[in-house]
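J.: Letter by letter, the sequence shown follows residues 797 to 941 in the working numbering.
By construction, these hints were calculated from the structure, which means they are not laboratory data. There could be a bad hint or two in this list.
Straight line, CA to CA, 20 Å or less: simulated PhoX-like cross-link-like pairs of lysine-lysine [to be verified]:
{"hint": "1", "residue 1": "Lys875", "residue 2": "Lys809"}
{"hint": "2", "residue 1": "Lys841", "residue 2": "Lys915"}
{"hint": "3", "residue 1": "Lys860", "residue 2": "Lys845"}
{"hint": "4", "residue 1": "Lys834", "residue 2": "Lys922"}
{"hint": "5", "residue 1": "Lys915", "residue 2": "Lys834"}
{"hint": "6", "residue 1": "Lys875", "residue 2": "Lys860"}
{"hint": "7", "residue 1": "Lys837", "residue 2": "Lys860"}
{"hint": "8", "residue 1": "Lys845", "residue 2": "Lys915"}
What follows is a set of in silico ranges between Cβ atoms, one per label pair, in the way DEER data are often shown [to be verified]:
{"hint": "9", "residue 1": "Tyr919", "residue 2": "Gly839", "range": "14 to 24 Å"}
{"hint": "10", "residue 1": "Ser816", "residue 2": "Asn838", "range": "27 to 37 Å"}
{"hint": "11", "residue 1": "Asp876", "residue 2": "Ala904", "range": "18 to 28 Å"}
{"hint": "12", "residue 1": "Leu923", "residue 2": "Phe865", "range": "15 to 25 Å"}
{"hint": "13", "residue 1": "Val910", "residue 2": "Asp876", "range": "12 to 22 Å"}
Using N, Cα and C, we set each Cβ at its ideal position, and we do this for glycine too.
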Amino acid sequence: MRLSFNESIELLKNAGAHESVINHCLMVSRKSAEIAEKILKNGYKVNVKLCQIGGLLHDIGRAKTHTIFHGVEGAELLKDYPELASIAKRHIGGGITEKEAVIIGLPAEDYQPVTLEEKIVCYADKLVQGEKFADSADDEIKKLS
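All chains should be built: construct the whole structure from the sequences, respecting the hints.
T.: Encoded structure:
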């Protein structure tokens with residue numbers, strides 16, 4: 797990975813990503829880096845910069861489509877950056893098996909996150925709903941009370 801944060805923002809803009817997608821990606825980037833830093837402090841080996849930039853570019857495919865295919869489109873846009881391409885491809889649906897991919901019409905391959913960095917970005921993406929952080933479990937329980 798050789799992209800800086802600013803270069804990644806430019807890549808998103810040049811791909812045609814909408815401002816709301818960019819804002820979402822900025823939040824996922826921040827959350828991914830935050831999670832990676834905590835994991836690193838607990839003694840595990842993790843590439844914090846890859847998590848940050850991967851979080852920033854995970855939805856670049858949304859510049860082309862807002863369907864489940866945005867992961868494949870994103871991987872194609874990032875093909876010169878294999879680690880980032882894998883993050884974009886494998887974050888969709890929280891991970892999709894090859895069998896599931898075939899059923900929903902994706903190219904037949906496994907879309908489940910493999911590396912720790914892929915898993916972190918996938919998880920961080922689930923913690924950001926649109927342009928805001930998801931409510932905590934405690935907040936959800938309070939809503940039901």
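J.: It remains to establish, for every hint, whether it holds in the given structure.
T.: Tested hints:
1. Restraint check: the Cα-Cα separation between lysine 875 and lysine 809 comes to about 17 Å, which is no more than 20 Å; the hinted pair holds.
2. Of the supplied pair hints, the one linking lysine 841 and lysine 915 holds, its CA atoms being roughly 14 Å apart against a limit of 20 Å.
3. Under the criterion of a C-alpha separation no larger than 20 Å, the hint pairing lysine 860 with lysine 845 is inconsistent with the structure, at around 25 Å.
4. Restraint check for lysine 834 and lysine 922: the C-alpha separation of about 18 Å stays at or below 20 Å, so the hint holds.
5. For the suggested pair lysine 915 and lysine 834, the alpha carbons sit about 14 Å apart, so the restraint of at most 20 Å is met.
6. A hinted pair counts as satisfied when its Cα atoms are at most 20 Å apart, and lysine 875 with lysine 860 qualifies at roughly 15 Å.
7. At roughly 37 Å between alpha-carbon atoms, lysine 837 and lysine 860 are farther apart than 20 Å, so this suggested pair is violated.
8. For the hint linking lysine 845 to lysine 915, the alpha-carbon distance of about 14 Å falls within 20 Å, and the restraint holds.
9. Between tyrosine 919 and glycine 839 the C-beta distance comes to about 19 Å, which sits within the given range of 14 to 24 Å.
10. In this structure the supplied range 27 to 37 Å holds for serine 816 paired with asparagine 838, their Cβ-Cβ distance being about 34 Å.
11. Hint check: aspartate 876 to alanine 904, Cβ distance near 24 Å, so the stated range 18 to 28 Å holds.
12. In this structure the hint that leucine 923 and phenylalanine 865 lie 15 to 25 Å apart at CB holds, the actual value being about 23 Å.
13. A hinted range of 12 to 22 Å for the beta carbons of valine 910 and aspartate 876 is consistent with their spacing of about 20 Å.
Consistency with the previously given hints fails for numbers 3, 7, ordered from lowest to highest.
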